[in-house]
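*Asks:* The residues making up each chain are set out below.
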Amino acid sequence: MKINADRASGLFFLLFGLALYLFIIPTFVEQVEGGWVHPDTVPNAVAIVLSLCGALLMLRPTKHHTQEASEFVRAGLYFGLLMVGLVLMGRFGFIYVAPMIALAIMLLIGERRPFWLVCGVVGMPGAIWLLVVQVLDRALP
Amino acid sequence: MVDLSTILAGFADAFTIWNLAFVLFGVVVGQFVGAVPGIGPVMAMAIAIPFTFGLDPLPAIAFLVGVNKGGLVGGAVPAVLMNTPGTPDAAATAMDGYPLARDGKPLKATKMALFSSVTGDSFSDLVLITVSAPLAILALRMGPVEVFALMVFAFSVLSGLIGNSLIKGIIAAALGLLCASVGTDPENYTPRLIFGMFDFYDGLPLASVAIGTLAIAEILRRLTQMSGQVKPAVEVKDTGNPQDMRVSWAEYWACRFTMLRGAMIGTVLGALPGIGSTAAAFMSYASAKSASKDPGSFGKGNLHGIAAAESANSAVVGSNLIPLLTLGIPGSVGAALIISAFMIHGIQPGPLLFQDQGRLIYGLFGAMIMANFLNLWVGQVGLRFWVKVVSAPESIIFASALLLCIVGVSMATGGIFGVIVMLVFAGIGYLMSSFGYSVVIFIIAFFLGPRFEISLSQSLALMNGDWTRIIEYPIALLLLLVSIISIWWFLRRSGPDTTKSSQVTAED
Chain A
1 MKINADRASG LFFLLFGLAL YLFIIPTFVE QVEGGWVHPD TVPNAVAIVL
51 SLCGALLMLR PTKHHTQEAS EFVRAGLYFG LLMVGLVLMG RFGFIYVAPM
101 IALAIMLLIG ERRPFWLVCG VVGMPGAIWL LVVQVLDRAL P
Chain B
1 MVDLSTILAG FADAFTIWNL AFVLFGVVVG QFVGAVPGIG PVMAMAIAIP
51 FTFGLDPLPA IAFLVGVNKG GLVGGAVPAV LMNTPGTPDA AATAMDGYPL
101 ARDGKPLKAT KMALFSSVTG DSFSDLVLIT VSAPLAILAL RMGPVEVFAL
151 MVFAFSVLSG LIGNSLIKGI IAAALGLLCA SVGTDPENYT PRLIFGMFDF
201 YDGLPLASVA IGTLAIAEIL RRLTQMSGQV KPAVEVKDTG NPQDMRVSWA
251 EYWACRFTML RGAMIGTVLG ALPGIGSTAA AFMSYASAKS ASKDPGSFGK
301 GNLHGIAAAE SANSAVVGSN LIPLLTLGIP GSVGAALIIS AFMIHGIQPG
351 PLLFQDQGRL IYGLFGAMIM ANFLNLWVGQ VGLRFWVKVV SAPESIIFAS
401 ALLLCIVGVS MATGGIFGVI VMLVFAGIGY LMSSFGYSVV IFIIAFFLGP
451 RFEISLSQSL ALMNGDWTRI IEYPIALLLL LVSIISIWWF LRRSGPDTTK
501 SSQVTAED
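Chains as they are written, first to last, in our numbering: chain A, 1 to 141; chain B, 1 to 508.
These are calculated hints, taken from the structure and not from any lab test. Be aware that one or more of the hints could be misleading.
Claimed, not checked - Calculated cross-link-like contacts (lysine to any residue; reagent style SDA-like; alpha-carbon spacing at most 25 angstroms):
| id | chain 1 | residue 1 | chain 2 | residue 2 |
| --- | --- | --- | --- | --- |
| 1 | B | 388 | B | 91 |
| 2 | B | 293 | A | 122 |
| 3 | A | 63 | B | 487 |
| 4 | A | 63 | B | 427 |
| 5 | B | 388 | A | 91 |
| 6 | A | 63 | B | 225 |
| 7 | A | 63 | B | 222 |
| 8 | A | 63 | B | 161 |
| 9 | B | 388 | A | 63 |
| 10 | B | 300 | B | 287 |
| 11 | B | 293 | B | 254 |
| 12 | A | 63 | B | 490 |
| 13 | A | 63 | B | 431 |
| 14 | B | 293 | B | 256 |
Bound conformation, chain B alone:
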């Protein structure tokens, strides 16, 4: 499918100074924003996408991957220092990181988080590089009927797994599909739901919807939770003992099995759409605790706890790209943003990517590997600096993020109209989060909407409009049956009044 020369050329592209500079820049930005509570890599990616328009696809996507990977490392810093995770994935890290920081060992905790994160991330990247091309060959054997059934399956699983209610998940997916249907329909090219505004003829602008619902809505949520008080700077205790400021090789090596287990859990869960890195981190933490000879020490500053959480949540990043690159289906909001970057640069994600854009994909793999090394290097150098970053006032961070979003969307959509659409979707995203509807499912359904409609149309054409002919497509039939079973199972599991009251945020 992809010959060796293409693979080598792709890796060579990744290792050019220009591309490495963008990976490095992405990692630095990612670690920086990850260290700032309230911003996080997803918001940073959403803001950064419009600024990558002028770039070639590889540096642009490599930069975004760098932001994503760096953000996960940076997210551990406020988790450890303030018990306030910069990203939801780092919540499990705080359980052991914060007690260590209170004991005067903040650098030991953040360095353990860094090493575990890079270890888990590298493991999942190797799995991604190894399995994605063979899986893409399998995916190419799938026709429109199977693709349609696969999307139904993805929606049903995502609706059940993300958020606290299957019904709300289905409503969020339906809203995403409704927004995706604005503009010309893919079969007849007839304008629909444009309400006389010809700016909507090509559909709702991707950047406006993504940045509005993911970034601005989250900023609004954070702003409304602040009660006119600017948070004080964090006081970091330091024992002055050099042993408390570094992780020795013996300490790292003692955590090898914990990290391996975490990396495997993260890789498997990351490859499944909808589960996400937060679940992986907590599952890995729980399994490390249950496997430990001293489970009582977990939650009191055990390095194994940090290793388990960070290796798992970082391993999700690489394997998240498996369904995206092989099937064109994003499994998380981070992957959905990467898919939007692909589309903005005129590249259609899916199994044909390896055939049509093999060099770009292997360039991306090379960039991911380099991002891991750079994460380690930047983390080693920058951790002391990121520790200071968490004390930056939220007032300037949120004001700056809002201005960047406005400028970014204006650049992406070519005017203030797209920015107003962004603000409208910020309101929608804020209300969805407030009422417990998953913004993640909404965004993924919005991205997949046009492809969903095309595959539905092609499926009906293939079956001559007769749905009983679905039995001629056993894989599609199986996927649809599994979808029905999973909906039934999720409905049974989430009976009335059994779910917790919780906020669904942009990064759930």
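Extracted from the complex, chain A is given alone in its bound form:
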């Protein structure tokens, strides 16, 4: 399914800019008296520019099309996999989780050859451990 994305993204930036200007910046930026540029000056200017450009983009869209919806789904799958991997890495450490992440990604890509799977799952994390811990004397996540 091909869609013209500019009107959708223009609408998003129009609403995002308004949300920034009306809610997010007043709530999350402290007001300070004095000085030439207040803490909210640049964020407010950016919010206005985003809203105006979003509106302009809705009026003057290009012919840009996004990729197929299935690609977004696949991207979401990889994104979710990495996010889960990072949470697990924070709990169990790189040494245990990195081979699993590598294995999952290689299998998702379609790799089935044992040699390359072993290289990715054992060889690469091992090489990284050697470089970071032994050579650079730094800690792995």
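Use these hints to put chain B onto chain A, whose structure you have.
*Replies:* This is chain B only, laid out in the frame that chain A set:
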């Protein structure tokens, strides 16, 4: 501004064994990753930056320059062998390189690309070394008002030139400035937009944002385009004729004017922010074709086509550093990554660099010259090997690149929080690319954001808050007027529904 002893000391630093080893390592890594379709020097630089923390500034930056220069040479290998450029700049090289490879002359094509690349690169490095110090003296005469106006000018030109829509370019720049405003503001040191997370007190981590948007987002894009099939290895034809495996001196010399023209086009375009090496390569290719007595042979395996494209795209690398070193404004994403390496090592890019860090800068120039020689040497020795590299399975390359990014950002930010920020920006970068917003403008605006705000604040202080006093600063006024004219011109040029449907990638 810089005395001779500083220049000589800088060059001497570059020629120490330790620094040369890092340049060599950078060139090897660059050629390797350039030869792998889908990685490219920009992604490699982004991944490598955190690993250079433990180094002194010169070897660290020289290593990154080596990666950048080597990557451009390596990028020609898959362009020639598979008609799949490893870097966007090499797309023009594929037009004549691939037909040569199909005729059984892959080594002749890749060697011509190597020689042209080194020739163009050396030319632009000489221009950089010659003009950057005098330009920095001129830049030092600029005050905050002029710097502010210059940044507005840079944003307007970058927004118009990169990507397929001025409006989208401005949105990308605005997003970059918004992300740069997270953390304490530079005038009052008040936290803003940190949403209760004190890890953001010093702003969004540079490494997380750069690696997330440039490297991980690009990997995600490539992964989603693979449909569960691992690409087969490339079959390289070989005629067995020694003449088809090398470039003779006569063949090289016959391309001298083509290479010179390409080097000049690349140098001029590289010095202008936002145009980039891809445009230079195609412009040089077109001019070589129009100047040729046999234009019909272009696209069918003409060595002049390879010479034109490669000399121009490599010449951009050196001259890209002219606006960076003289004004502190990166003209491309590669330069933006080098600027981030400068900042990570506590060095503020800009005209004062020559005054405060003259030895380092001339050391960098020395390293760049050595990188060209080493590119030639490594290329001669390694081309046969890089030809094999293009057949490495993407599965292991992307899995390894992801793990390296995670470890690199974790080292740079000191924990898993920075890695999660990286992943969030990978999602943002992926969506930006998918919807046609330039990640390059976003990153450059993010890097320049704090300086933009400081110069705005200083400008207002100088003018006592009265913008009509801008007429007292004629250069700033001129730059602002040119910015308005260029925005108007770009808007007119890109009327509704006139642009092509295209993907904007991390290296556009």
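*Asks:* Taking the numbered hints from earlier one at a time, note which ones the structure violates and give those numbers from smallest to largest.
*Replies:* When the structure is compared with the hints, numbers 2, 5, 9 turn out to be violated.
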